[in-house]
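Student: This is what each chain is made of:
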Amino acid sequence: MSANKRPLSPFMIGPYYKPQMTSMLSITHRATGAGLVVGTLLLVYWLAAAALGPEAYEHAQAILGSMLGQLFMFLWTWSLFYHMANGIRHLFWDAGYGFEMETATKSGWAVVWSSIILTFLCWLIAAP
Amino acid sequence: MSIRTPLARVRGLGTAKDGTHHWWVQRVTSIALVPLILWFVLSMLVYSRADYETLRHWLGNPINAGLLVTLLVTAFYHAKLGMQVIYEDYVQPEWLKYTLLLVTQFVLFLLGAISTVAVLKVALG
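If you read the protein sequences in the order shown, they are chains A and B.
Reading the first sequence from the start, the letters are residues 1463 to 1590 in the working numbering.
Reading the second sequence from the start, the letters are residues 11 to 135 in the working numbering.
Bound conformation, chain A alone:
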């Protein structure tokens, strides 16, 4: 059988599979991972500004404190908590635990809610 005629398993998101909670969480893990990489630019910018001196730092604080800056940081916070919580879920799978559908669904909801609650908790505490 030649290489291009071999049967392939279709991608989890598309016309072949019904959208499932577990597959949606899986692709969100990748999306938040990539989002965090982009969001890291803000952290590098903040630290670089601090290294340049007080004026550059105040300027960076103003930009990050703007509406748009705060929106990005809010999304970044949620992505961080989601990626961390789901990453811990992955580590349990790597150790061989939690593969039963019921457990995987439960842990999935735990990831969703803990990431949302932790995000709002942080922003309530750190509100300006």
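Any given hint might turn out to be false.
Claimed, not checked - Derived lysine-lysine pairs resembling BS3-like cross-links, with alpha carbons at most 30 Å apart:
no. : chain 1 : residue 1 : chain 2 : residue 2
1   : A       : 1467      : B       : 27
2   : A       : 1568      : A       : 1480
3   : B       : 90        : B       : 107
4   : A       : 1467      : B       : 107
5   : A       : 1480      : B       : 107
6   : B       : 90        : B       : 27
To be verified - To give an idea of the interface, some chain B residues facing chain A are shown, with a C-beta separation under 10 Å as derived from the structure:
no. : residue
7   : 43
8   : 55
9   : 99
10  : 103
11  : 125
12  : 130
To be verified - Okay, the calculated bits of chain B under chain A, using three or more residues with CB under 8 Å as the criterion:
no. : segment
13  : 46-54
14  : 83-95
Since the hints were derived computationally from the structure, they do not count as laboratory data.
For glycine and all other residues, C-beta sits at the position ideal for the given N, C-alpha and C.
Since chain A is already given, all that's left is putting chain B on it; use the hints.
Tutor: Relative to the frame of chain A, chain B by itself:
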């Protein structure tokens, strides 16, 4: 019987015997990142809106500066490994995949270097 296709056998392509190490390092960095991120989030709750002197004082503590540099290096390494998997899974053609892999790797290394030097300058300055 081999499960490799005749084409793959002719091309002589096979595993680079590097996958397990990649997988393992991604786990090691992710385990390290859990406490580092928790420390970072707690610190940012206090210092994200700090004025310049307060930030300098915070990073002047070698424990904080050391933790932040460790977080940055680990996070950028973890990011490099993760982005590599995303490109390898989704990006075609090959030239685009390798271009993105290289560019991302260079940019992430540079960001890691810039942020580390920045932390050290504030910490030691």
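Student: What's the verdict on residue 1480 of chain A and residue 107 of chain B, does the C-alpha distance respect the 30 Å limit or exceed it?
Tutor: 29 Å, holds
Student: The segment 46-54 of chain B covered by chain A? Criterion: 3 or more residues, Cβ-Cβ distance below 8 Å.
Tutor: holds (count 3)
Student: Taking 10 Å as the limit, does the beta-carbon of residue 130 of chain B come near enough to a beta-carbon in chain A?
Tutor: The hint holds - residue 130 of chain B has a Cβ within 10 Å of chain A, the shortest such distance being about 8 Å.
Student: Report holds or violated for the interface hint on residue 55 of chain B, using the least CB-CB distance to chain A and a cut-off of 10 Å.
Tutor: 5 Å, holds
Student: Any CB of chain A closer than 10 Å to the CB of residue 43 of chain B?
Tutor: 7 Å, holds
Student: For the pair we were handed, residue 1467 of chain A and residue 107 of chain B, check the Cα-Cα distance against 30 Å.
Tutor: Given pair residue 1467 of chain A, residue 107 of chain B holds - Cα atoms ~23 Å apart, limit 30 Å.
Student: Taking 30 Å as the top limit, are the C-alpha atoms of residue 90 of chain B and residue 107 of chain B close enough?
Tutor: Holds. Residue 90 of chain B to residue 107 of chain B sits at ~14 Å (cutoff 30 Å).
Student: Tell me if the interface restraint on residue 103 of chain B is satisfied: Cβ within less than 10 Å of some Cβ in chain A.
Tutor: Hint violated; residue 103 of chain B Cβ to chain A Cβ min 15 Å, cut 10 Å.
Student: Quickly compare the C-alpha distance for residue 1568 of chain A and residue 1480 of chain A to 30 Å and report which way the hint goes.
Tutor: 19 Å, holds
Student: With a C-beta cutoff of 8 Å, work out whether three or more residues of the segment 83-95 of chain B approach chain A closely enough for the coverage to hold.
Tutor: Satisfied; 5 residues make the cut.
Student: How about residue 99 of chain B: closest beta carbon in chain A under 10 Å, or not?
Tutor: Result: holds, 9 Å to nearest chain A Cβ.
Student: Measure nothing beyond the straight line between the CA atoms of residue 1467 of chain A and residue 27 of chain B; if it is 30 Å or shorter, mark the hint as holding.
Tutor: Holds, at about 26 Å.
When the structure is compared with the earlier hints, a violation turns up for hint 10 alone.
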